[in-house]
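If you want the building blocks of each chain, they are given just below.
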Amino acid sequence: MIQVNTAKFSLILIVIGAVIMAFAHWVHVDYLFFASYTILQFIVLATAWNILGGYCGYVNFGSAAFFAMGAYSSVALYKFDPQSFEFCFTDSTCMSFHFLDWAFPIPIPVLIIIGGLVSGIAGFGMGYLTLRLRGSFFAIATLALAVVLQTLVVNWDFVGGSRGAYIIRPENMEFAGIELNYIEYLFALMLLLAVIALVTARTIERSQLGFGFATIRDDELAAEASGVPTLRLKLIATTLSGAFMGMAGAPFPYYIGYLQPASAFGLEYAVNSIAMPMIGGTTTWVGPLIGAVLLGSAQQYATVTISSAVNLLIVGLMLVAFVIIAPNGLVGLVQERLRTWRKP
Amino acid sequence: MSALLHVNNISKRFGGFVALDDIDLEVQPGERLGLIGPNGSGKSTLVNCICGTLQNETGSVYFDGHVIDGLPAHQRTHRGVARSFQLPRPFHSMSLADNLRIPLLYTVRAREGMLHAHSDLEGRCRELLDMVGLGAKAKQMPRDLTQVEMRKLELARAMAAEPKLLIADESMAGLSHSEIEDILALLVRLNERGITIILIEHIMSAVMSFSQRLAVLVSGKKIADGKPQDVVRDPEVVRAYLGQ
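Chains as they are written, first to last, in this note's numbering: chain A, 1 to 344; chain B, 1 to 244.
Everything labelled a hint here was simulated from the structure, so no lab data went into it.
Keep in mind it's a predicted model, so treat the numbers as computed, not measured.
Note that CB positions come from ideal geometry on N, CA and C, so glycine has one too.
Honestly, I wouldn't trust all of these hints.
[Stated by the list, open to error] Where chain A lies over chain B, by a calculated footprint (3+ residues, C-beta under 8 Å):
1. 44-57
2. 62-74
3. 82-92
[Said to hold, decoys possible] With a cut-off of at most 20 Å between alpha-carbon atoms, the simulated DMTMM-like pairs for lysine to aspartate or glutamate come out as follows:
4. B/K221 x B/E57
5. B/K139 x A/E171
6. A/K79 x A/D218
7. B/K164 x B/E26
8. B/K221 x B/D21
9. B/K139 x A/E205
10. B/K139 x A/D218
11. B/K137 x B/E149
12. B/K137 x B/D69
Next comes chain B alone, as it looks inside the complex:
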């Protein structure tokens, strides 16, 4: 089986600072990958390079067998890469339903042609909101939401694009224990529908229970990649997190 995502030796620097140094990473279809690392280790930069917000300087990113280097972010979304943002970035002048309408109009329609009728769109928005438990708030504005609801909206919008790969960038930071359980359950449900998920997270209990495989970034380098239980015992990982 060939990998869904293959990050092939990519590097990215900001001026003199090397944010990503020769990162190599493969993600298999249907996999749940956890990506961890201390603050400033390059996790978000890696996500940005995969999603096209930033362009990597060397190496290539393969998605679904094609090179996606140089493609703008929206084209990568069309191909099936979706992400949620670390800090929720809803379209604040639109209702929740309209927030989801955007990826439906611009990604799903662009992909499938004009098959989706107008009434179909409404139903689909409702379905997605129900999935994350926001069905009753379809007409409300993002500013009326709580933090956890905002994260759910963020995930629902990413899901509206019907992606093959979902990258959840710290979608649980700052949430309470039960809220984290909520989001985790949602992510697992999505994965069961066949969506590959990369979870970037600081909360170890969440990462450990979710991930089938764990990769660790430290100072722009990947220092470990393997079974979660083995990775957290890796002396190098322990040193990176706890110091010597």
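Chain A extracted, bound-state conformation:
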């Protein structure tokens, strides 16, 4: 097999990304950007989920919560206007935020980093509180986190509460002298994020960390006995996984234009981030990528031809089919075929 190191792999992915970008720019159909953005977003989400769910074997049902935290941190920073916002301790002593004028409006790459930080910290906290639980108990705890957070956001007026929030995005964006349509700009950012997520996942897989994650998935007791600090590794996984989900969510309000809790915490994020790695295969970085492209395109196609309401049905049916036909996902299926083929 050809050995490809991380630097070369990153380069290959960046080149592929650039080709996709150039092609999309040349075709220049806004819908193409709009649809592909969703697929790229799911690549990031699925890869993020897989760091905890695939590598460590901890099923996270609360992906939507981390995604929404990223999205809502962007909304909060969009709503926060240092020109007019004042924080009053009493009637007379107020704190103004004029000193922050220079930073606003915050560019989206910075929002992505902030979203990642917020969700990463939340991931660390969740991990610390729930990692003593295993199996379905852990999954239920993460689901509960999503419910609690949604309730908080629904009751937080500043970010629109249950009414939701409008984000008015600029028409165009100038980037390195090229005039870009704003959706094209968002697409480019998500493409870059997908590349970073895939490179991170692949790097982890091949590192000491990846070996450690796999021991946690296989047998935690034996891992500890071999000297693996399981709690620390699991916290690294929840933090990284949460951070990438938050980063995927941060540009979402700008993409969608109107964000409400029901859509940010939507069931489809939780279900898709689990289904995509499962369908693709959970043990390698390729699995979530294949799953997200396959399922994401199928959903986009269904949205246009039938209705967006069919999306979850598609996911459900494919998941059932794959559990029966290929329990280790497409990657697992191919690996198995190769093994039997080589060993007649």
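Starting from the structure of chain A, add chain B where the hints point.
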């Protein structure tokens, strides 16, 4: 000479059930200790308390002159306590060589810093597999192994952590006579390299030929501790095993 392991009056209860009651046990460096007792007498609980899988409620465990109470299991492994599990628990998604790579990466490297180069790791895995006679199967998966090979893998993985103390928890149960001889010979070889070994076993012939000293647990209490020949004649031990 001070003891390598000193279990100082530890107790452990599960709800109302007293699993370990004031156990006191010393193991000298380089010693081969046999630990026996009927089912449910607390042998595995004692091992778990020494290795950090469970935490003892009273008393302390001293290892190499330091208290190791409260330390998580992986830190005790770093300090030099290694164990094999009663039922083999290999990392089933990894090849045999990768199974051994884990303690090398996480324990030996953590202990010695980054001295071990990558190529060195491969060689070391191979060396350990050769030691237990699994060298030819380095690339195979644990599911391809027989029961006795699985036990050997378990011991090799424990050895990969380069321990000072090895606790072999029923590593011969269910094996045939010749397989038992195989494992015993392996354990003796390890002991000759200076590793202290606690052997927990039901098979008396194996325990008797291996142990220099024998300790007996019954219902969470240590009822005997001494030369193997004397211990098996102890009336209390006989009563525990055969009834009155």
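Cross-check of the supplied hints:
Under the rule that three or more residues need a Cβ within less than 8 Å of chain A, the assignment of the segment 44-57 of chain B holds, with 3 such residues. Chain A is given as covering the segment 62-74 of chain B, and this holds because 3 residues of the stretch bring a CB closer than 8 Å to a CB of that chain, at least three being needed. A count of 7 residues in the segment 82-92 of chain B with a Cβ less than 8 Å from any Cβ of chain A is obtained; the coverage claim is therefore met, three being the minimum. Pair hint B/K221 plus B/E57 holds up; C-alpha atoms about 15 Å apart against a cutoff of 20 Å.
Proposed proximity of B/K139 and A/E171 is contradicted: the alpha carbons are some 57 Å apart, above 20 Å. Proposed proximity of A/K79 and A/D218 is contradicted: the alpha carbons are some 46 Å apart, above 20 Å. Note on B/K164 and B/E26: the hinted pairing holds, with a Cα-Cα distance of about 15 Å set against a maximum of 20 Å. Distance check on the hinted pair: B/K221 and B/D21 sit about 5 Å apart at the alpha-carbon level, within 20 Å; holds.
Distance restraint check for B/K139 and A/E205: the Cα-Cα separation of roughly 18 Å lies within the 20 Å cut-off, and the hinted pair is therefore satisfied. A threshold of 20 Å between alpha carbons decides the hint, and for B/K139 with A/D218 the separation of about 18 Å falls inside it, so the pair holds. Between the alpha carbons of B/K137 and B/E149 the distance comes to roughly 10 Å, so the proposed pair stays at or under 20 Å and holds. The hinted pair formed by B/K137 and B/D69 fails the criterion: a straight-line CA distance of about 38 Å is larger than 20 Å.
In the structure shown, a violation is registered for the earlier hints numbered 5, 6, 12, in ascending order.
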